[in-house]
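Going down the list, the protein sequences come from chains Z, L and D.
Quick note: the first sequence uses the working numbering, first residue 89, plus one each step.
Quick note: the second sequence uses the working numbering, first residue 803, plus one each step.
Quick note: the third sequence uses the working numbering, first residue 640, plus one each step.
Since the hints were derived computationally from the structure, they do not count as laboratory data.
We put the CB at the ideal spot given by N, CA and C, even for glycine.
Hints should not be assumed to be uniformly reliable.
Every beta carbon over 12 Å from chain L, so not counted as near; a handful from chain D, in silico [claimed, not checked]:
1. V651
2. S652
3. S659
4. L725
Which chain L residues face chain Z? A few, computed with CB under 7 Å, are given here [as the list claims (entries may be wrong)]:
5. L1108
6. V1140
7. A1157
FRET-style restraints, in silico, Cβ to Cβ [to be verified]:
8. L:L1225 <-> Z:A191: 44 to 54 Å
9. L:R1186 <-> Z:L184: 41 to 51 Å
10. L:P1152 <-> D:A733: 46 to 56 Å
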Amino acid sequence: MVLPVFLFCLAGLGALALAMDRHHADALGRDPAPRARRLLQLGGAAALLLALALAIAQAGFAMGSTDWSVQLSLGALAATALATWWPRRLPTATLLATLGALATWALQ
Amino acid sequence: MKEGFRQAMSWLHTWSGLVLGWLLFAIFLTGTLAFFRAELNQWSRPELYPMGPASAATAARAQEALLRRAPGVTQWIMHLPDERQPAVTLLWRTGNGRFETLLMDPQTGAVREGRDTLGGEFFYRFHFELRSAKVTRWATEGRWVVGGATMLMFVALLTGIVTHRRIFKDFFTFRPRKGGQRAWLDAHNVTGVLMLPFYLMITFSGLMIFHTLYLPAGIAALYRGASGVDSAAYFAESSGEPAERRALRRRGGTAAQPPLPLLPLDPMLAQAGAEWPQGRIGDLRAQRLPDGRVQVEVGRHDGDRLQYRPQRLVFDGADGRLLHRVDAQGPAARTYGVLYGLHMARFAGPTMRWALFGFGIAGSAMIATGLMLWVVKRRQQAARQRAGGGTGAWGMRIVETLNIAALAGLPLAIAAFFWANRLVPADLAARADVELQCFFSAWALTLAVAAALPARTGWRVLLALGGLAYAGLPLLNALTTHAHLGVTLPAGDWALAGVDLSFLATGALLGLIARQVPRAAPVAPLRDGELAHERPPALAERS
Amino acid sequence: MPRVPASRAPSVSYRLAVLSRILAAALGGYLLAAACAAGLALALAHAMPRAEAVLSATMLAWLAYALAAAWAFHARNAWRAWAGVLLPALLLGALPLWNAFGGRA
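Bound conformation, chain Z alone (with noise of 0.2 Å):
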């Protein structure tokens, strides 16, 4: 199933993104404190690394490899959508994709 893939790239753009000054302020209303934005940006590699080895294992290297990459840019365009029209609701879309991929993962 796509959606898990897809979720664990959207929360880990999203934290990734919110690691960064001008997306935090427009999300939080201030810079992120330095262990945020190291736990961010670490959470954030992490999710989309986790998604890159779903998608390996739902369907062998290439196909895997190509999914996650699909999914990668989807879950940018969508990222980059909050950022810009919605900035803070990002930290609580961010949140809901950490769920809604576990929830996903767990149930497939």
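Following the hints, complete the assembly by docking chains L and D onto the known chain Z.
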């Protein structure tokens, strides 16, 4: 030194993108449409709707139909139907070496004639060889031009990456409200960076797909024989064909050969099904070899895996025994196959196909925003330098005119192609070429309009006309055929309904964009001592 | 890249230098790509089947073409642009050319 390198690459990025940018936009947009060529093919031949369902008996029925139609045939190819192409496609070689083709209903075995049109194939062939007629002798030249444009795209992509200093910091940054150069640059960056893997893949794979034409030096180096370069050997070896089958690649008439008999396809299909338990059959090919033997190839469906050119099984036509398994071996050949397959997107299911289509539109938008950015930047520079009607102005006017003709004109011309498909009488001679002439004439007209009108008017007129043209297509479809939304939606025929709905969406999108074109030209504030009527007209009117 | 002269219109020598670089990138780059495809294919053929060698070399040759284009505009002047493209082309292409003109079969 680093700053000099970035600046040089920035210059190279601008010019490699600008020189053939309009052609690149056309290639990218038509290529994007080609992702749905099967669906567009269906929409273009409404008299073939609906087609009966396929079954296990389809192949045998098709062979009988073919042998009734062309009893003396010595070579035939049968493409079996799938969820995107509901008819059986039969091709066979005639005495003069050309291929004839017909479509067959998979259920009844009846031959179905659709109107003479290129349909979706037009966008496919235009995007890699600039096809302008149904039969042409300029295909190679067209491929060379596209190849040159592709190389420029490759350079533009790589230099764009190098030049984009804030590629990570600005990854998610899009500020449309800032307007002007900033908004266009953000749009160019976002559409450029977020889908970068797709663009790099599509461009590099495009270069590799035609490498035997563009860059045959490697073949020439290793396949040099007594009588020149043995490229047939290269094709055979790179696709994993055993040496003794190389004879098949030799072209030429087969008039002297005895015709093919009715071949026992079912046991071969059964064996193929056993070899590929999860797979589908894509096509069957039968041929009488120069030495009189008959061979039947069963090809797996090319959507079953990522790697393009699917596996094939070669059977003896007389006793049905399996002779060879043909598949590209070796890591380089498989890599090439995957690149090819990614480009062709045969592997893609509906969701993936729409995603790739979206990336293609984004890529077209990347090229478009780049071209727009150049004009906007130049205009602001000219305003600051008070260049007025100086040497730079004609260059900008040319780019602006070409921008309008390409970015707004091409979509309108494509709509004209679909209008022609419905309006040109079905029995007109060379009907397919008439449709193409409508396309090219419409495109040429948009260039004339773009040159004649002030820029903002040109944008608004062409975009609005495009919006109307696309929105009108489903209505035109309903008025002229039976394969319209009123029938296809309730029946759940999403190939046809999807095309009509996409036309509606495109019309709405173009209309929305037309409304975004600003009405008044921006007026820069007066400088000290300057009077409004002394301002050079270029600023106030040139929009 | 040569500096744009202080006067408004670029000088003839500037335009010629740019044209030279463009040719170095487009034509010289193609020669380098062809030499790369041929020379690398010959070298790789010792370690893998012919078709594999051709495909590997050709894929790398396209990258070489792009790098040549970048070099042609990064080099300090047009002479260096040509040198940086033609010298590797001659090196890689020497053996294939020799073969083509009747050398080792």
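Going through the hints against the structure:
1. V651: For D:V651, whose nearest Cβ neighbour in chain L is about 15 Å away, the distance exceeds 12 Å, so it holds.
2. S652: 17 Å, holds
3. S659: 14 Å, holds
4. L725: 16 Å, holds
5. L1108: It holds, given that the least Cβ distance between L:L1108 and chain Z is near 5 Å, below 7 Å.
6. V1140: 6 Å, holds
7. A1157: 5 Å, holds
8. L:L1225 <-> Z:A191: 44 to 54 Å: 52 Å, holds
9. L:R1186 <-> Z:L184: 41 to 51 Å: 47 Å, holds
10. L:P1152 <-> D:A733: 46 to 56 Å: Check passed, 52 Å falls within 46 to 56 Å.
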